[in-house]
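Each chain, letter by letter, is given below.
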Amino acid sequence: MKTLLLFCLALAPAFAAPVEYAVTVDTSSLAGVAGSLDFQFNPGPLTTQPAFVQILDFTSSGAFAPGPQITGNVSGGPLPADLTIDNGTAFNDYFAGFTFGSTLSFLLNLSGPALSAPDGTSTSGSAFAFSMFSDAAGTIPALTTDQTDGFAFIVNVNLDGTTTVTNFSQSTGLVQTPEPQSLTLAGIFILSFLRFGSRRS
Amino acid sequence: MTLHRRLKWLAPLGLFLYCASLPAEEKDFSITLPAKLDDGTKINFNATTVAVTFNTLTIGIKQKDSKANPDGSFPASDVFEKRAKTASSINEPAKPFVVYFEDGALMPGAPFEFVGVPAAGKAPYIAKVVFYNVTFDNKGKPVDKKIIEISPATNPKAFKKGVLGIINNDYFDFSDPSNATFNLINNAPGDSAANVQYTLENLRIYTNLPESNFTEDTFDTVGTATPVFNMSSVVVAPGQAVSIPLGPVGAPGQSYAVALTDGTITEDLDSNSQQVAGPLSIGGDGAPSTAQPDRISTTASGLLYSRVTKTFNGTVTITNTGQTTIDGPFTIVFTSLTPGVSLANYTGVLEPDPYLSIPIVTGLAPSESATVNVQFSNPANALINFIPQVFAGSFQ
Numbered sequence: 005m006k007t008l009l010l011f012c013l014a015l016a017p018a019f020a021a022p023v024e025y026a027v028t029v030d031t032s033s034l035a036g037v038a039g040s041l042d043f044q045f046n047p048g049p050l051t052t053q054p055a056f057v058q059i060l061d062f063t064s065s066g067a068f069a070p071g072p073q074i075t076g077n078v079s080g081g082p083l084p085a086d087l088t089i090d091n092g093t094a095f096n097d098y099f100a101g102f103t104f105g106s107t108l109s110f111l112l113n114l115s116g117p118a119l120s121a122p123d124g125t126s127t128s129g130s131a132f133a134f135s136m137f138s139d140a141a142g143t144i145p146a147l148t149t150d151q152t153d154g155f156a157f158i159v160n161v162n163l164d165g166t167t168t169v170t171n172f173s174q175s176t177g178l179v180q181t182p183e184p185q186s187l188t189l190a191g192i193f194i195l196s197f198l199r200f201g202s203r204r205s
Numbered sequence: 227m228t229l230h231r232r233l234k235w236l237a238p239l240g241l242f243l244y245c246a247s248l249p250a251e252e253k254d255f256s257i258t259l260p261a262k263l264d265d266g267t268k269i270n271f272n273a274t275t276v277a278v279t280f281n282t283l284t285i286g287i288k289q290k291d292s293k294a295n296p297d298g299s300f301p302a303s304d305v306f307e308k309r310a311k312t313a314s315s316i317n318e319p320a321k322p323f324v325v326y327f328e329d330g331a332l333m334p335g336a337p338f339e340f341v342g343v344p345a346a347g348k349a350p351y352i353a354k355v356v357f358y359n360v361t362f363d364n365k366g367k368p369v370d371k372k373i374i375e376i377s378p379a380t381n382p383k384a385f386k387k388g389v390l391g392i393i394n395n396d397y398f399d400f401s402d403p404s405n406a407t408f409n410l411i412n413n414a415p416g417d418s419a420a421n422v423q424y425t426l427e428n429l430r431i432y433t434n435l436p437e438s439n440f441t442e443d444t445f446d447t448v449g450t451a452t453p454v455f456n457m458s459s460v461v462v463a464p465g466q467a468v469s470i471p472l473g474p475v476g477a478p479g480q481s482y483a484v485a486l487t488d489g490t491i492t493e494d495l496d497s498n499s500q501q502v503a504g505p506l507s508i509g510g511d512g513a514p515s516t517a518q519p520d521r522i523s524t525t526a527s528g529l530l531y532s533r534v535t536k537t538f539n540g541t542v543t544i545t546n547t548g549q550t551t552i553d554g555p556f557t558i559v560f561t562s563l564t565p566g567v568s569l570a571n572y573t574g575v576l577e578p579d580p581y582l583s584i585p586i587v588t589g590l591a592p593s594e595s596a597t598v599n600v601q602f603s604n605p606a607n608a609l610i611n612f613i614p615q616v617f618a619g620s621f622q
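Read top to bottom, the protein sequences are chains L and B.
Using our numbering, the first residue of the first sequence is number 5, and each one after it goes up by one.
Using our numbering, the first residue of the second sequence is number 227, and each one after it goes up by one.
So here's chain L without its partners, still in its complex pose:
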């Protein structure tokens, strides 16, 4: 029985990486606007562990303009096809013109050693940002309260492998999928159930 408990608990941190967020944005207020979208994932200024993000299952009633601007370590795509961005250079960025529809959604998957095996010696995390602009040049932030930098939301990869989300957009919803502690809870539930069952018998 203890072995089962330990097994479930041991699975929990491993299950925490990769981390995935389901992102949905209500862009109805920008429907028809020829704007732009920006995705970036960068390291910090000190020692940083490798990590990467994937933009998966991008769907929208809007449409991308051809010819995205790609900087740094970006592979796959072009959106709406799946995209991978790693933190191997200072600026890893996918910027594309986009005519907004009523909604857009995608899965944001973060993985790599920084999340699955934090080394305890690195001194910088990494950060992902998603931004929307109401102009094709990417100078006028949209659907965000962050008028300083224009980010809709950012996800920081912390030194302990966890992630921290800061959402500046009331139009944007982020849900982590699946819940990080779900397997631990499931294990505890199974364990409790089995113990309860054995006592009754």
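Everything labelled a hint here was simulated from the structure, so no lab data went into it.
Note that this is a predicted model, so its numbers are computed, not measured.
Be careful, since some hints might not be right.
Unchecked claim - Chain L is nowhere near these chain B residues, computed Cβ spacing over 12 Å in every case: (1) T525; (2) T537; (3) T541; (4) V567; (5) P592; (6) S593.
To be verified - Covered by chain L, according to a simulated footprint, are these stretches of chain B (three or more residues, beta-carbon under 8 Å): (7) 527 to 533; (8) 547 to 557.
To be verified - Here are a few chain L residues that sit away from chain B, every Cβ distance over 10 Å (derived from the structure): (9) Q44; (10) L50; (11) F62; (12) S64; (13) F68; (14) D86; (15) A94; (16) G116; (17) S120; (18) P145; (19) Q151; (20) D153; (21) G177.
Heads up, the beta-carbon is just placed ideally off N, CA and C, and yes, glycines get one too.
Let chain L serve as the given structure and place chain B on it in line with the hints.
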């Protein structure tokens, strides 16, 4: 259709034509560089506002070769030279420190550099940048002084051998006049390839030496004044501090001046050194700033590029890893910053490195942290890196 309705479209057209005919905003402003700059210093000009162009810009950069006011500014008698120069060539060997642009543009993300070349036989010192008759056309948006950001690039040396050096403040106050101590702190790390040892010859400390005796780099005369401290040679090794006890020095707030009369500050670079990693700082007593490499850890977040500010933004966090509380304030010096990268929101410069003060935090209990926002200008998208040096105590 009435005449009124037929001519209704003329109103917005007239407003448009009126706005288009408005003169662009005209301003003069000057920016004083934050610290003494030295031989070979590069100054980066970065536009920090989106879509800014200017019609005419004249920049005068003058070598400071006369007496400075106590606050480092120029006396009114100093006049900046101006000379016509096209934007295609910004260096002016015949008349260094004077640059003139016509019909130029300083576009965001496209900085240009000015390389300071000192006049022969004069101590290099670039002190001020003045913008004359600047006409900005910011497409109707307000223009502020952050429109152009000036930052010194990596400076290879804080001193030149044989140049008399008075650094940081000219006069120092002592908070405890009954038992004053004067501190010489070598901020260079003692365990890396980039270190330096300072030897100060003929170091003399005077009390209340008149400011009239003071010029840019040394004291002209000390008259008959008797130094309260006089030593032929003081050596400050990398990472070390030398405290000079002065004893009772009189009334609270007593000021002291430091003179290197007929003396020099010499550098002793080790065989691997290419540059000075940390300069010597001189300070009064009270709460001298000291490097805290063993008690404070420094971590940083990822850096995100802002398409609005054109900077890479993130945070730096310091944490007290010791067993006792460390009194603030705290200052982070960004040493060995990647060439071409500058700290955009620096508080000041500890030659040659920019530093950032952490506001509000007066102390850190064990395991307690403090975080400060950082903004880096990085036009080439280079991998940003620096070696943090954290100081606790008042920073001079």
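Checked hints:
no.	hint	result
1	T525	violated, 5 Å
2	T537	violated, 9 Å
3	T541	violated, 9 Å
4	V567	violated, 9 Å
5	P592	holds, 19 Å
6	S593	holds, 15 Å
7	527 to 533	holds (count 7)
8	547 to 557	violated (count 0)
9	Q44	violated, 6 Å
10	L50	violated, 5 Å
11	F62	holds, 20 Å
12	S64	holds, 21 Å
13	F68	holds, 18 Å
14	D86	holds, 22 Å
15	A94	violated, 5 Å
16	G116	holds, 13 Å
17	S120	holds, 17 Å
18	P145	violated, 7 Å
19	Q151	violated, 8 Å
20	D153	violated, 4 Å
21	G177	holds, 21 Å
This entry does not satisfy hints 1, 2, 3, 4, 8, 9, 10, 15, 18, 19 and 20, going by the numbered hints stated previously.
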